[in-house]
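Asks: Now for the letters of each chain:
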Amino acid sequence: MNRVLTFLFWLAIVLVLTFITLPLLVVVAASFSPTSAVTFVPWEWTVDWYGDLLADRWLQPFLLSVKIATLVAIISGALGVLAAYAIVYERVPGSDALMAGLLSPLSVPQIVKGVAIVLFLSIIGLQGFLGTPALIAAHVVLALPFVTRMAATSLANFDGNLDRAAQSLGASKRQRLQHIVLPMIKPGVLSGVTLAFIISFNNIPLSVFLVRPGDTTLPIAVINYLEYSLDPVMAAVNVASMAFILTVIFLFEKIGGFSAQLHGGSK
Amino acid sequence: MSTIALAAPAALPSVPARTSGYLVLAPSCLLLIIFFALPMGTMIGMSFTNAETLAPTLFHYQRFFSDGLSLSGLYRTAVMSLLVAFCVTVLGYPIAYYLAGSRSRWRALVFALALAPELAGVVLRTYGWLIILEDRGFINDALINLGIIASPLPLSKNLFAVVVGLTHVVLPFGILSLTTSIQGIDPNLERAAQMLGASRLSVVRHIILPLSIPGIVSSLLISFTMAASAYATPALLGGAGFKVLATMIYEQVLFYIDWRFAAVMAIALLSMMLTVSFLGIRYETRRSLRRSNREGGAA
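From first to last, the protein sequence lines stand for chains H and W.
Those letters in the first sequence? Residues 1 to 267, by my numbering.
Those letters in the second sequence? Residues 1 to 299, by my numbering.
Watch out, some of these pointers could steer you wrong.
Using C-beta positions, here's what the derived DEER-type ranges look like [to be verified]:
#1 Pro133(H) / Tyr256(W): 51 to 59 Å
#2 Leu54(W) / Phe129(H): 21 to 29 Å
#3 Tyr228(H) / Val79(W): 24 to 32 Å
#4 Ala142(W) / Leu251(H): 36 to 44 Å
#5 Leu63(H) / Leu153(W): 37 to 45 Å
#6 Ala78(H) / Ala192(W): 31 to 39 Å
#7 Trp45(H) / Leu38(W): 49 to 57 Å
#8 Gln62(W) / Phe129(H): 29 to 37 Å
#9 Val28(H) / Pro210(W): 23 to 31 Å
#10 Ile255(H) / Leu153(W): 46 to 54 Å
#11 Tyr256(W) / Tyr228(H): 20 to 28 Å
#12 Gly128(H) / Tyr256(W): 20 to 28 Å
#13 Asn161(H) / Thr285(W): 30 to 38 Å
Chain W regions said to be covered by chain H (calculated; three or more residues, Cβ under 8 Å) [to be verified]:
#14 26-40
#15 58-65
Since the hints were derived computationally from the structure, they do not count as laboratory data.
Note that CB positions come from ideal geometry on N, CA and C, so glycine has one too.
Given the sequences, and given the hints that come with them, work out the whole structure.
Replies: So, in C-alpha cells, the structure goes:
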C-alpha cells in the first residue's frame, strides 16, 4: 500500500514538473526549427531565426525596453531608498500610514492602473505624454512599492548598534549614511533595483495601454506579432530576451545582489 | 503640507531631520499622486458621469448590468479564475509537500524547476502553450499524423487553453505559499501519528491537510486574483473565442474608445478582486481569533 502511494506521489511530482518545463523546452526547440512552420526535427536545425533579431523590427523595441527598464530601475531605486530612509530610519510621524500609502498601488491590478492612467492623461489633454514618458512613469509606480519594501526591510534589519557606535565616536550623520547605512542596505536595494528592471522589461498589462506606434516595448511588439503569426522568429525573440534577463540578474548578482543578501549583508 | 505642520511639535530634538524626512518622501508621494491616486479618482469619477454633459448618472453601470456581453465577460472571468485557483492548488500541493519535507539532494533541482519559469516572463510561456495547443500545434499535429483524429481538436482559443496557460503562470506562487504553510507544521505531530501506527495516507489526510488549510486558502486567493487580472495569457490563448474582463477593457479603450464603459468594467474587475481578498483577510482574522481564544481558554 505504502509503495503504491510513494509511486503515485512521485508520478504526480514528475507530471507537474513536466507540465512546468514543457512549454519552455518547446520554445527553445522551436527557435531552431528549420521551417517557418514550428516543427520539432532534432537532426535538422538552424540558427537563422536568431539572425533575424538584428532587424529593426526587433532591435528598436528591444533597445526601447532596455532604456525604459534602466531608467525605471534608477528612478525607483532612488525614490525607494529615500522613502524607506524617511520612514524606517528617520521614523517621520505617520510613517505607518505613509508606508501603507506607498504600498497601496499593489492592491490594484495592473490592467486597472493602466486604464486609469490612459483615461487620466486623455482627460487632462496630455495624450502627448503617452509613449516613453508615460511608460517610464507608470513602470516606476508599479516597481516603487517593491523597491521601497525591500529597502525598508534592509534598513529595519541591519544592526542599529553599528550606527550608534559610529555616532558615539563622533561620526557626522553624512559620514554614517555614507559609510554605514548605505553599504549595509546595498544588497537589499540592488535586489529591489534588479526586480524593478525585470518588472519593467517584461511588463505587458500597463504598457499595452501606453505604447504608441513607433514607441513600442519588446513584449508588446511580441504579442502584437503573435496575433498574426507564430513563426519561429518569435521563439528566437523570446529565448533571446530570457537570456538577456538572466544576464542582467547574473550581473547584479556579481555586484552584490541576491545571494549577498541571503548571506547576511555585505562586508 | 499639513503633515509637516503637524510634525513640528512632536519633533523637538531633531526638527530639521523630520522636515528633511518629509522632503525626501515628497518625490515618491508626488509620483504616486499624479500617476496612481489622481488617475484612479478620475476613472471612478468618470464612471458616474455622462459623456457629453458630464452630469452625474448611473447609466454606465445600468448598461454593464443589463448588457449580456459584459455580464458574460464577468462570468467568464470568475469561472476562469476559480478553475485556475483550483488547478494551481491541486497541482502545487504535491510539489509543496515534497519541498517542505524533503532533505534529499533532488530537492534543489525540484525547487529550481518549479520556480525558474517565473524568470522566463509571461509571453514566452504563453507562446510555448500556443505552439503546443494550436490547431496546427504539436498535439493536434501528432494526433492527426498518428491517424487518431481527422480534424484538429479545439484546444486553443477557449476556456481550456486559458486555464492551462494561466495555471502555468500562477503555479510557482501557489507552490511558494503552500510550501511555507506546510513547513510551519510541527514535524513531531507527523512522527507521533506514525509511531501510533497511522498510515502515510491518514497522516496526510488527518494532520497535514487540515493544518495546511491557511496555505491552501492563500494559494487559492493568490491564484484567483492573479488569474482575474491577467491580460496577456487570456488575450493570446483565449483571443476572440474567450473574452474576459481584462481583454474587454482593452478593447473598450483602444477600439471602441468608450472610456466610461471601460472604467465601469475596470471597477467591476477591481471590486471582484477586492471582495475576494476581503473574504480571505476575514477568514485569516477569524482563524487567528479562534486560535487565540482557544489558547486563552487553555491557560
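Asks: Take the hints in turn and mark each one as holding or not.
Replies: Structure-based check of each hint:
no.	hint	verdict
1	Pro133(H) / Tyr256(W): 51 to 59 Å	violated (26 Å)
2	Leu54(W) / Phe129(H): 21 to 29 Å	holds (23 Å)
3	Tyr228(H) / Val79(W): 24 to 32 Å	holds (29 Å)
4	Ala142(W) / Leu251(H): 36 to 44 Å	holds (41 Å)
5	Leu63(H) / Leu153(W): 37 to 45 Å	holds (41 Å)
6	Ala78(H) / Ala192(W): 31 to 39 Å	violated (53 Å)
7	Trp45(H) / Leu38(W): 49 to 57 Å	holds (53 Å)
8	Gln62(W) / Phe129(H): 29 to 37 Å	holds (33 Å)
9	Val28(H) / Pro210(W): 23 to 31 Å	violated (42 Å)
10	Ile255(H) / Leu153(W): 46 to 54 Å	holds (50 Å)
11	Tyr256(W) / Tyr228(H): 20 to 28 Å	holds (21 Å)
12	Gly128(H) / Tyr256(W): 20 to 28 Å	holds (23 Å)
13	Asn161(H) / Thr285(W): 30 to 38 Å	holds (36 Å)
14	26-40	holds (count 11)
15	58-65	violated (count 0)
Hint compliance for this structure: hints 1, 6, 9, 15 are broken, all remaining hints hold.
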